[in-house]
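J.: Sequence:
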Amino acid sequence: MTLHVPSRTITVEHLDRGPLDRRELAAVIARDIPSGSYVNLGIGQPTTVAEYLSPEAGVVLHTENGMLGMGGEAVGDEIDADLTNAGKVPVTETPGASYFHHADSFAMMRGGHLDVCVLGAFQVSRDGDLANWHTGAADAIPAVGGAMDLAIGAKSVFVMMNLFAKDGKPKLVPQCTYPLTGTRCVSRVYTDHAVFAIDSGDNGGIRVLETFGSTVEALAERMSVPLN
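Position 47, counted from 1, in the sequence shown is what UniProt numbering calls 47; the numbers after and before it change by one each time, with no gaps.
Please note that a few of the clues may not be correct.
[What the hints assert, rightly or not] Under the rule of at most 20 Å between Cα atoms (straight-line distance), these lysine to aspartate or glutamate pairs were calculated in the DMTMM-like manner: (1) K171 / D199; (2) K166 / E221; (3) K171 / D192; (4) K88 / D77; (5) K155 / D167; (6) K155 / D199; (7) K169 / D192; (8) K88 / D104; (9) K88 / E51; (10) K171 / E217; (11) K171 / D21; (12) K155 / D32.
[To be verified] Computed spacing ranges between beta-carbons, pair by pair: (13) D77 / T183: 16 to 26 Å; (14) E221 / A97: 39 to 49 Å; (15) G168 / G87: 21 to 31 Å; (16) A138 / S35: 42 to 52 Å.
In short, the hints are calculated from the structure, not lab data. For every residue, glycine included, the Cβ atom is placed at its ideal position computed from N, Cα and C.
With the sequences and hints as input, model every part of the structure.
T.: Here you go:
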């Protein structure tokens, strides 16, 4: 299948809404996942995207612990302790769901069979480098999981994160200072303040596709990388 990720040539500034909360951001990402895609949602925040995928879109969710056809989070009587995503959150299954060995699941990831993965991040560089498994701090617990396999194996990598860290510094940076997960792998960055397209080619560059609650000009003043 040829993946056609929706593109925009004109920046859309939503000055009447934003910054987005996590649920609103998940809905924006779900909107941009092409119909019929095979998709992996990373542990944590990205799993909320499942709640906003329309059944009519035909998106098939993959989880690295061995399932195709994952649905949204299970609640109440839907909960089956043996049916969880990779983050151990109880999930539902969609019609035709299938199960397989963990090794087969990783073979799908490494073999280029996923169209899109959505991952969290500590940092993304202007060239599309991804750092999402370790801050390098002495007391931090590294947790790479399947992130490296997904970052390199998926056809398109969407990052879902807050644009600014707790200290106010942007997480979209000239160069990553944290240990890398993958190089030149990120296609899009979805944040509470804006959506960015990453050009990982020789010229590099970051293009603003949408803003939420801010103009591009005002946002650029807070960034450490140039915005197109």
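J.: For each hint, tell me whether it holds in the structure or not.
T.: Hint by hint, here is what the structure shows:
1. Of the supplied pair hints, the one linking K171 and D199 holds, its CA atoms being roughly 17 Å apart against a limit of 20 Å.
2. For the hint pairing K166 with E221, the CA-to-CA distance comes to about 18 Å; that is within 20 Å, so the pair holds.
3. Using a Cα cut-off of 20 Å, the hinted pair K171 and D192 holds, with the two alpha carbons roughly 12 Å apart.
4. For the proposed pair K88 and D77, the alpha carbon gap of about 17 Å is at most 20 Å, so the pair holds.
5. For the hint pairing K155 with D167, the CA-to-CA distance comes to about 33 Å; that exceeds 20 Å, so the pair is violated.
6. Under the criterion of a C-alpha separation no larger than 20 Å, the hint pairing K155 with D199 is consistent with the structure, at around 14 Å.
7. At most 20 Å may separate the alpha-carbon atoms for a hinted pair to count; K169 and D192 meet this at roughly 14 Å.
8. For the proposed pair K88 and D104, the alpha carbon gap of about 19 Å is at most 20 Å, so the pair holds.
9. The suggested pairing of K88 with E51 holds, with an alpha-carbon distance near 17 Å, which does not exceed 20 Å.
10. Distance restraint check for K171 and E217: the Cα-Cα separation of roughly 18 Å lies within the 20 Å cut-off, and the hinted pair is therefore satisfied.
11. Taking the CA atoms of K171 and D21, the gap is near 17 Å; set against the 20 Å cutoff, the hint holds.
12. Under the criterion of a C-alpha separation no larger than 20 Å, the hint pairing K155 with D32 is consistent with the structure, at around 14 Å.
13. Taking 16 to 26 Å as the suggested C-beta distance range, the pair D77 and T183 does not conform, at roughly 45 Å.
14. A C-beta distance of roughly 47 Å is found between E221 and A97, which places it inside the suggested range of 39 to 49 Å.
15. Checked against the given bound of 21 to 31 Å, the beta carbons of G168 and G87, roughly 28 Å apart, stay inside it.
16. Between A138 and S35 the beta carbon distance is about 46 Å. The supplied range of 42 to 52 Å therefore holds.
In the structure shown, a violation is registered for the earlier hints numbered 5 and 13, in ascending order.
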